[in-house]
Amino acid sequence: MADQPTATERFVQGILPENPVYRQLLGLCATLAVTNGMKPALTMAVCVAFVLVCANVVISLIRNLLKPHLRIVVFTLTIATFVTVADRVLAAYMFQMSKTLGPYIPLIIVNCLIICRCEVCASKQNVVIAAADALGQSIGFGLALASIAAIREILGTGMLMGFRVLPSFWPDWVIMVLPPGAFITLGLLLGLVNYIDFKREQTRN
Amino acid sequence: MSNTNRQIDSAMSPEDRPGRKPPFIHVAPSPHISDSRAGTRRMMVDVILGLSPAIAVSLYLFRFYALKQLIVCVAACLAAEYLFARMRGKYFTLKDCSAMVTGIILGLSMPGSAPWFVGALASVVGIGIGKIIFGGVGMNIFNPAMVGRAFVMIAFAQLMGAGAYENVTGLVDAVSGATPLSALKFNGVQTGIAPLFMGVTNGSVGEVSAIACILGGLYLIYRKTASWQIPASILITVALIAAITDIAGGYQGLFLLHHLFAGALMFGAFFIATDPVTSPLTAKGKMIFGVGTGCLIMVIRLFSGYPEGVMFAVLIMNAMTPLINRWTIPQPMGQREV
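Protein sequence lines, in the order shown, are assigned to chains A and B.
In terms of the numbering used here, the numbers along the first sequence are unbroken and rise by one, the last being 1147.
In terms of the numbering used here, the numbers along the second sequence are unbroken and rise by one, the last being 554.
Pulled out of the complex, with its shape left as it was, chain A reads as follows:
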């Protein structure tokens, strides 16, 4: 077997080189749904980070007990536990945000990013590596969400986090905070990331 990446490498890989949204195209449902504003996007990123880190650590601790044919069930149950915790905490302390995000917090259970990291990393590595991997991926996911949300909120409402950043004569592009805007923004940003990658590849050769 080839050299396994160390904990630090996994942490760094998750942020940009293997960014969950732009490089692995994981968790796109949540990405498209909650990025119409910076606040819901950041809340979602924090919730996903909490669930991902906790799930990765727990799966990594019990990895030697897992039976191959039952592992997906165990992953899902573990993830669902932490999603419920996040959902209830949000409903208790940030009621308005919980209303805004609606079903998308419970839907973190089916966010493929989390089950992917459990399957690929946590079920095979020790706790430190699994936690570092989860942290890196969470930061990458948060950055991706924030970048899309920033573009959509600024163009769609002229504001960022509730503060006006564009002059008041800016005509709000309402479409950007609606679902079509999510697809257009994500598509263009993916193209941009691929273009940058392509250029870097070219200069390296």
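Lysine to any residue pairs mimicking SDA-like chemistry, simulated, CA-CA at most 25 Å apart: (1) B/Lys284 - B/Val340; (2) B/Lys311 - B/Gly255; (3) B/Lys284 - A/Trp1112; (4) A/Lys1041 - A/Ile1096; (5) A/Lys1141 - B/Gly352; (6) A/Lys1141 - B/Leu299; (7) B/Lys284 - A/Pro1113; (8) A/Lys1141 - B/Met303; (9) B/Lys284 - A/Val1116; (10) A/Lys1066 - A/His1011; (11) A/Lys1141 - B/Arg302; (12) A/Lys1141 - B/Gly305; (13) A/Lys1141 - B/Tyr298; (14) A/Lys1141 - B/Gly344; (15) A/Lys1141 - B/Gly351; (16) A/Lys981 - B/Ile370; (17) B/Lys284 - A/Asp1114; (18) A/Lys1009 - A/Val1069.
Some chain B residues well away from chain A (every beta-carbon gap over 12 Å; in silico): (19) Ile241; (20) Ile271; (21) Phe280; (22) Ala291; (23) Ala464; (24) Leu470; (25) Leu473; (26) Pro548.
Read the hints as simulated data drawn from the structure, not as lab findings.
Built from N, CA and C at the ideal position, the CB exists for glycine as well.
Got chain A; can you put chain B on it based on the hints?
Structure of chain B alone, referenced to chain A:
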């Protein structure tokens, strides 16, 4: 061996027989272009000629408003085409006039009162996201002009919706009332059929005159730049559905004629839906495309919140075009279905 080859070569070479050209067989994959005049540029010039009656009516009716929309949209489309083609490192496609046609159609489909940035943004989105991203002229799935218009229609609902046509305190009488379809839908007011046919009503700058669109459209069909199947099947389908509604409601034919001549139906049927890139290839497919577009137009007009549905109907049927093409692959002659 080599000696004989050289002999054959010399026998075939033109130096040996002065005054006679060597036999020349051009080998190329089909389709073979039999008419050297056929080409994108000729088709696009035809479309511009076909649009000229509608342009003339719009300039006469809306004056400065129409001129502004046309100039903004054409200039922005040409600039966007140049810019995006540069970015992709492609050769410039400005010469084939397709961007200019997109700009004119977009300009004619704008409400006269829309501010300049609406037309400019629609052009950039239409050319950039609607066309160049898919690979440029001939490769796009959706009609670029309608992609741009749909984008600004949703982005600037107040500037593009039914209200945008009414609140103009302009010099021209025509632009101060509700559009005929809005008046019918929201206030139950019928506009006279003769004004609708001649075009002295309110609406998007290029769509108001049914007669101008029909004249231009017939020219396109005569030149075979546009196929007759698409406009014919759209108009027949719309007429059929409107006739059923007419009889059921007892409007004595007014409802039918109103739906035929009001709004963007004529403009869309002749100039937008017939875009050869985004419509099916076969005659049968074009009929299916037209019937689908006609049905969707009437569904949106009668049952949705929008007074007019040509744009969305054409876009939805554009998405169906690859399926229709696959469905109507012609059987080669002599081949039986097994």
